[in-house]
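**Student:** Chains as they are written, first to last, in the working numbering: chain A, 1 to 313; chain B, 314 to 617.
Think of the hints as simulated: they come from the structure by calculation, not from any bench.
For glycine and all other residues, C-beta sits at the position ideal for the given N, C-alpha and C.
One should not assume that every hint holds.
[Stated by the list, open to error] Sample of chain B residues lacking proximity to chain A, with all beta carbon distances greater than 10 Å (derived):
| id | residue |
| --- | --- |
| 1 | Ile344 |
| 2 | Leu423 |
| 3 | Pro431 |
| 4 | Ala552 |
| 5 | Ser553 |
| 6 | Thr587 |
| 7 | Ile598 |
[Said to hold, decoys possible] Not the full set, but computed from the structure, chain A residues with beta-carbon under 10 Å of chain B:
| id | residue |
| --- | --- |
| 8 | Ile85 |
| 9 | Gly88 |
| 10 | Ile91 |
| 11 | Ile95 |
| 12 | Phe140 |
| 13 | Ile244 |
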Amino acid sequence: MLIYLIRRVALAVVVLFGLMIATFLIIHLVPGDPVRAVIGGNAPPAEINRIRDQLGLNQPLLTQFWHYVSHTFQGHLGQSYSLGIPVGQAIDGRIGPSAALICYALLLSVLIGFPLAIYAALHPNGLFDNIIRLGTTFMFAMPAFWLGLLLALVFGLELHWLPTSGYSGGVGGLLRTLLLPALTLGLPLATVVVRTLRSSLLEVLGSDYIDAARSRGLSMRRIVTRHALRNAVMNTLTVLSVNIGFLIGGTLVVEQVFQIPGMGSLLFGAVEKRDYQLVQAISLLAGSAVVLASLAADLLQAALDPRVRLGGR
Amino acid sequence: MSAVDLVPGAGAPIVPAPSPSPSTGSWPRRIARAVRGMPLQAKVGAGILLFLVLLAILAPLIAPYGQNQLDFANLLAGPSGRHWFGTDAEGRDVFSRTLYALRLDLAIILFVTYIPLPIGVLVGAAAGWYGGVVDAIVARIADVMIAFPFMVLVIAVIAIVGPGVEGVLIGVPIVAWALYARLARSEMLVMREQPFMLATKALGYTDRRAILRHAIPNLMRAALIYSTLDMVVNLLLLASLAYLGLGAQPPNAELGSIIADGQNTLLSAWWVATLPGLVVVLFGIGAGLLGDGLSDGRRHGGSV
């Protein structure tokens, strides 16, 4: 386990470092001058040069990269010049709603996905199974913000069951105000869960040890919950962790649909103002979240499944 | 196999009846044969995609109005014979706008899907073939690109180049090649142990010939099947960016920006935001059916 742990953490560190290089290169190598973009194309060259100096943009690329890395490790993510405060401070109040929304969506996808997948796997090729197949194709094709608008139209504006915008604190307020956005993100994810879990369950249910359990006269409920699910859930865990990246991207957009004051509005404000320090920091943060999520999923899997940690893949 | 074959002959080898191999004949015939061999699901999917592509190509001929033609007499008119998708708050025909937007969006996603594809397959194939350090480096770079939330990366690019389609045209390929590279690499790791690839080594072929002539044609299938899903992901990304106002700028419309225009009048004029979205969904369903059908056919050993 220890060897696996060390190897997996080392890999995550390598990828995190790669992310730093990538965010740095994107800002510095993509055509377009961040300074000129901020202060306008016809500013005097001396003024542009002064700001470039101030931001350290006239130093060699490697020196700039070194500053970026060392500052990041000291927890200093740079200064947001559109807001006039440090980036860390700008992110501070905004990350909560976004993180809550992502967790809520994950929770809903599991709560909706698991029962449907189990039912579909126990009745393969039945009517319900086919409806689910159709539903997954449909969900996969739907833009997240569009699904959000439809949900807002039906449950918010027509039926008046749920609020369509805003955000309020506290557990109750959170669960209520974030329900529609979380459904918007969670429903497509639930179809991914259903698809993956259904096919792994079908595979597991066909194996010998399930036959053995059945011949011992165990109830189907017990076989599924105690024996089959434990093995089948691995793939689903991996697929969910792979989808964290999409979930983060989706969150940014869906926050805009429902006007939630999270990372989305911070990022789009930064893009509008060409505040590249803030954009860089948010990109790095989002990338790191994905790396850490996949690390967590792999470690959880290793803890649950001895084959993973002993296999030494 | 006929009964004649089973009669013990004078040691003559049993020759199977010549069957048309999938790689003979002129191109139209090969395509026709490939289409006939597809599962029904894939045919329906291909039909939907073809229909949408034709609509997009012929948009200027089909569209009943210009994409920015104003009609102040018919503001927010519901769907009717004159305006199939109704009109928006400025009296513009939503159907015409949708057709032009589809034209722009499909052109962009074809570019950002099929430019990185060959690059990624080539890089992945080389990584899988050579192994060792080359492989480790390519695999780690691909890991980093894939770890990035796609949308955040493209938005970061847009922050530098400014709103418009350039951000997508630059940002998506930066990541997309890595998806194909990873796919091709993992297939190559299996394929290089297969007899026909070992034979290229035994015959003394150069690495270049082994990869380009023998491995790539076999790797392309998986990549092309995956590309049907990739197109949908790219279309959804494009629509999201346009919805946020980061896509093509007026006077050009994208599907996402039409939907965003309709958001304010969602309650009084549902058609502006919902109907263009249905076009996106239709494309996704078509591509999904095609991709699923093709990969099912591949699993069952059918020809693609």
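**Student:** Give a verdict on every hint.
**Tutor:** Cross-check of the supplied hints:
1. Ile344: Non-interface label on isoleucine 344(B) holds, nearest chain A Cβ at 25 Å vs cutoff 10 Å.
2. Leu423: holds (17 Å)
3. Pro431: Fine: 22 Å to the nearest Cβ keeps proline 431(B) off the interface.
4. Ala552: violated (5 Å)
5. Ser553: violated (5 Å)
6. Thr587: Given a closest Cβ separation of 7 Å, the condition is violated.
7. Ile598: Check fails; 5 Å does not lie beyond 10 Å.
8. Ile85: violated (18 Å)
9. Gly88: violated (18 Å)
10. Ile91: It is violated, given that the least Cβ distance between isoleucine 91(A) and chain B is near 14 Å, above 10 Å.
11. Ile95: violated (14 Å)
12. Phe140: holds (6 Å)
13. Ile244: Check passed: Cβ of isoleucine 244(A) comes within 8 Å of chain B, closer than 10 Å.
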